[in-house]
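Peer 1: Throw the hints in and build the complete structure from the sequences for me.
Numbering-wise (my numbering), the first sequence opens with residue 692 and increments by one.
Errors might be hidden in some of the hints.
Stated by the list, open to error - Cut-off 20 Å, straight-line C-alpha distance, at most; resulting in silico cross-link-like pairs (EDC-like, lysine to aspartate or glutamate):
#, residue 1, residue 2
1, Lys738, Glu790
2, Lys967, Asp1068
3, Lys1097, Asp1164
4, Lys1097, Glu944
5, Lys967, Asp1083
6, Lys1001, Asp971
7, Lys1058, Asp1095
Since the hints were made in silico from the structure, they are not lab data.
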Amino acid sequence: MEEDNRLIEERREKLKALRAAGSAYPNDFRRRDLASQLNASHGEKTKAALEQTAVAASIAGRMMLKRPMGKVTFATLQDGSGRIQIYVSNDLTGEREHEEFKHWDLGDIVGVEGTLFKTNKGELTLQAKKIRLLSKALRPLPEKFHGLADQETRYRQRYLDLIVNPQAREVFAVRSRVIHALREVLLKESYLEVETPMLQPIPGGAAARPFKTHHNALDMDLYLRIAPELYLKRLVVGGVERVFEINRNFRNEGISTRHNPEFTMLEWYCAYEDWKYMLDMTERLVRAAGQAAVGKLVVGYQGRQIDLAKPFSRLGLPDAIRKQGVQGDLRDRGLLSKKLTGLGVEHGSGQGWGALQLMLFEAVAEKHLVDPTFIVDFPAEVSPLARRRDSDPQLTDRFELFIDAKEIANGFSELNDPEDQAARFLEQARRKEAGDQEAMYYDADYIRALEHGMPPAAGAGLGIDRLVMLLTDAPSIRDVILFPQLRPEG
RNA sequence: GGGUCGUUAGCUCAGCUGGUAGAGCAGCGGACUUUUAAUCCGUUGGUCGGCGGUUCGAAUCCGCCACGACCUACCA
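Peer 2: Here is the structure:
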């Protein structure tokens, strides 16, 4: 730990005095009011009207600003709802109390009882009759005007960010509203919310490298889940016909402005519906989230306008590639391989046209998908859990939603044919054998579940963090995760 | 993993082609009974991210390392 500096040392001395007086860290002060509520209910009243009614109030909060002017002091308190000014004076509060108060520090948590009045400049202010120091802050706050600018400190000491940067608080309020809105839609439509294992003996449901851990009593390796998908579909087998989960996934991969090792996904499944239902529902959910979160459907993101109100466009994956000027048969492995080589994209001989087509899409087309766009017509090769298209078994009934070139959602008609699923797991296992660290494991228990019969169904996943980034104009996923993963402090 | 940029007081930042560290805020002392980033006077506070090197002399130039930001790669 760092050495205490002089500022902290001075505050420790003040705390020592408080302890000696027997009043350090009390928990018997009860506030009755919140700053925002007082402002809402009395902020519009005139100075004279407030003087007549003498409204009593009590508030508590962190002292953010202090303006001592001799026999009176103005200070600004911040509570969970907002800020309000307080007024402490020799006349009303008492000279001794006022003198002590002047030595309290910015950052201290203070409780105030008194009556409301308006200053000559018209600011609603709580005139203190009693004032108490509820919690001594030993460390100084960041600069009162510029706030906290250092990105690293904002991420590592998020509490400071939340104290001094109102925008940071707003981001997480938006996040909460987004999740609430999504949950509300799903519950209203009879989906059951569940929680499935974070610790899985076989990590499945996505192509990703997992975190590995060990259970001592069972003496077995476990993996942090990369997706809840296979468990949620087991529930569909079990008769939970509409089911969803909002929870963390963990992927042992790179960290970037779009990737955090743990991130939050909504996954939901519906029996007796298909991918088109899921696609429409995804669009509805994004819109509901946008409306609830920011109250409008045209959002500014990093200088661009993104319209969530107009119907999202739909584009076949090969069409998206052709749109970028690529000609020829996009199921011709040789042609795809040549194009990829030309673009400098490494690829292996074990990959078929489906995998190469997807790689080409990511290389040339993905970055152009700024407006909300559903990409459809995904090859079966790269969709091992999705149902094949009846009219073209090399494709699947699958979609991905892109907004601002980021994958926001992924859904499909579910593969409920246990024999096809077993075959696809075997193919995945073969690739894992060949060195593909992201290939899936063969999950025999999941096949056994499918063998009991899963109703025809559709499912989808929606990345909450990226959606919140979009709705809060956040350039980095770290801005929408309270405690993003960072290297240990040096 | 590669590239670019950054790291100076608790916070926000200056510091030129190398001459031995500054401001504002916060703190401390003083003045001030309606302030609003209060104001005014005085004042404390630094291993200039770390380790080496070049030099008479390094916050400044060079190398390595740490951490961060951005870009890129990886990530369906």
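Peer 1: Check each numbered hint from earlier against the structure, then list the numbers of those it violates in ascending order.
Peer 2: Failing hint: just 1.
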